[in-house]
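All chains, please: the whole structure from these sequences, using the hints.
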Amino acid sequence: MFKLQKFPLNEITRWDIIKRSKSESPERFQKQKFYRAKDFDNVDFQELFENDTFTWKSRVGDYIVTISFEGAFANLYTKVGSWSGKNRWKRIDLHLLTQCLSKALDDEDLYVNCTCPDFVYRFSFWLSQAGGKYGVQQNRPPKVRNVKNNKGFVCKHILAVLYGKRWVPAAAKAWLNYIMANPEVAEELIWG
Numbered sequence: 001m002f003k004l005q006k007f008p009l010n011e012i013t014r015w016d017i018i019k020r021s022k023s024e025s026p027e028r029f030q031k032q033k034f035y036r037a038k039d040f041d042n043v044d045f046q047e048l049f050e051n052d053t054f055t056w057k058s059r060v061g062d063y064i065v066t067i068s069f070e071g072a073f074a075n076l077y078t079k080v081g082s083w084s085g086k087n088r089w090k091r092i093d094l095h096l097l098t099q100c101l102s103k104a105l106d107d108e109d110l111y112v113n114c115t116c117p118d119f120v121y122r123f124s125f126w127l128s129q130a131g132g133k134y135g136v137q138q139n140r141p142p143k144v145r146n147v148k149n150n151k152g153f154v155c156k157h158i159l160a161v162l163y164g165k166r167w168v169p170a171a172a173k174a175w176l177n178y179i180m181a182n183p184e185v186a187e188e189l190i191w192g
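Read in my numbering, the sequence shown has 10 at position 10, and its numbers run on one by one without any break.
Keep in mind the hints are simulated off the structure, nothing from the lab. Predicted model only: the values in this text are computed from it and were never measured. Just so it is clear, CB atoms sit at the ideal spot from N, CA and C, and this is done for glycine as well. Treat each hint with caution, since some may be false.
[As the list claims (entries may be wrong)] Each pair of labels, with its calculated beta carbon distance range: (1) A170 <-> K22: 21 to 27 Å; (2) G81 <-> D44: 28 to 34 Å; (3) K31 <-> G192: 43 to 49 Å.
Next comes the structure, spelled out in structure tokens:
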């Protein structure tokens, strides 16, 4: 018989970040609605197809937010892997890709980063401890701001990207454009 672990695994999802920010820092959570992501063309789709990692950087306000998660390609493969016939890549549409991205964003572990000073000096260490920081991990706890870790995990720029998911259809459109521009790559990587 096995024994349950005393401590949970270090995994953090979109909903964990949103719930914690909403309860611990309602003022910051409300500020997120004034920010929107701007760019959708800087996704490495080759990495998405080969490693199933969706990594996207976007300008939000004056800063760059990075989001990375896995599972979008696996979701796509689950839905279209059994398709047969010539030019089956043409049947992939925007709605299907939006569903795949949205499901992966909600269900899979999420890694985020922001270049704003608020994130760097307040949240970076605590998010590293939770296992959700993208890029170089922060090993030193903050000495002045958010010393007790009672402000949530992320800044308002990251919350703006995570909360509404307004960017998902635009990212799916960029993914669809990549598939349409590179049908042989999609054909080989999806159906082998």
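Taking the hints in turn, this is what the structure says about them:
| no. | hint | verdict |
| --- | --- | --- |
| 1 | A170 <-> K22: 21 to 27 Å | holds, 25 Å |
| 2 | G81 <-> D44: 28 to 34 Å | violated, 22 Å |
| 3 | K31 <-> G192: 43 to 49 Å | holds, 47 Å |
In terms of the numbered hints stated before, the structure departs from hint 2 and from no other.
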